[in-house]
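Student: Start from the sequences and build out the full structure, keeping to the hints where you can.
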Amino acid sequence: MNLEIKPLTLGLAEDFFDFFDNRAFTDNSPMQPCFCCRPQMSKEQEELELFRLIKANPGVMPRDIPSFKSTLRKIAEQQILAGDLQGYLAFEGGISIGWCNTNDKENYSTLGIGEEIRNAYNISPNERTKSVVCFEIAPNYRGKGVATAFLTHVCMDAKANGYDAIEGYPQLRNQRETFDFIGPARLYEKVGFIKVAEKANVAIMRKKI
Numbered sequence: 001m002n003l004e005i006k007p008l009t010l011g012l013a014e015d016f017f018d019f020f021d022n023r024a025f026t027d028n029s030p031m032q033p034c035f036c037c038r039p040q041m042s043k044e045q046e047e048l049e050l051f052r053l054i055k056a057n058p059g060v061m062p063r064d065i066p067s068f069k070s071t072l073r074k075i076a077e078q079q080i081l082a083g084d085l086q087g088y089l090a091f092e093g094g095i096s097i098g099w100c101n102t103n104d105k106e107n108y109s110t111l112g113i114g115e116e117i118r119n120a121y122n123i124s125p126n127e128r129t130k131s132v133v134c135f136e137i138a139p140n141y142r143g144k145g146v147a148t149a150f151l152t153h154v155c156m157d158a159k160a161n162g163y164d165a166i167e168g169y170p171q172l173r174n175q176r177e178t179f180d181f182i183g184p185a186r187l188y189e190k191v192g193f194i195k196v197a198e199k200a201n202v203a204i205m206r207k208k209i
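All residue numbers in the sequence shown are consecutive under my numbering, ending with 209.
Source of the hints: derived by calculation from the structure; they are not laboratory data. Hints may be right or wrong, so weigh each one.
[As the list claims (entries may be wrong)] Straight-line alpha carbon distances no greater than 25 Å define the calculated PhoX-like cross-link-like pairs of lysine-lysine that follow:
1) K43 to K74
2) K208 to K190
3) K208 to K195
Tutor: Okay, structure coming up:
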């Protein structure tokens, strides 16, 4: 593959939505609809803007509520404009085929990193930590090293931008999960992360850079 990884900018917003609209969930993933905006939302915003739609349509899956997807998209548009939704897009032949949500750890709400996980490992207040909370790869490109390329690139850029460490929060599983959007622990180990804590069946993987 001739893979190219670029940070999300306003200029790449169209490519971001093109990926989520046309390639991210072509395997009928239960994760859809999604524009990766929930990690940046507060519980209050989630309740007000999303759960009310679910409550108003009892027995209907969110993916089958037209206004649910359009609401998610609008929230993502607002987050990109405000700079709250950050991460990287992967391109192959000029087409967006993957996404990684990563940002300063302090910029994630309790939805992005639960309080139990956030408090499971104490770090120096002077350390700057970047967190990785989501990978989404087009089905045809999974198993080809795209997530590894993302994580390697995140570490490189974070170091260049003065961060001290990177964290990821994979769920601990005994077998592979097809729709594991956080990534398995072995992905982080491959890039040099080590497990520094464990809470609620989640590993806190950390790499000093």
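Student: Kindly indicate which numbered hints from before are broken by the structure, ordering the numbers from low to high.
Tutor: When the structure is compared with the hints, none of them turns out to be violated.
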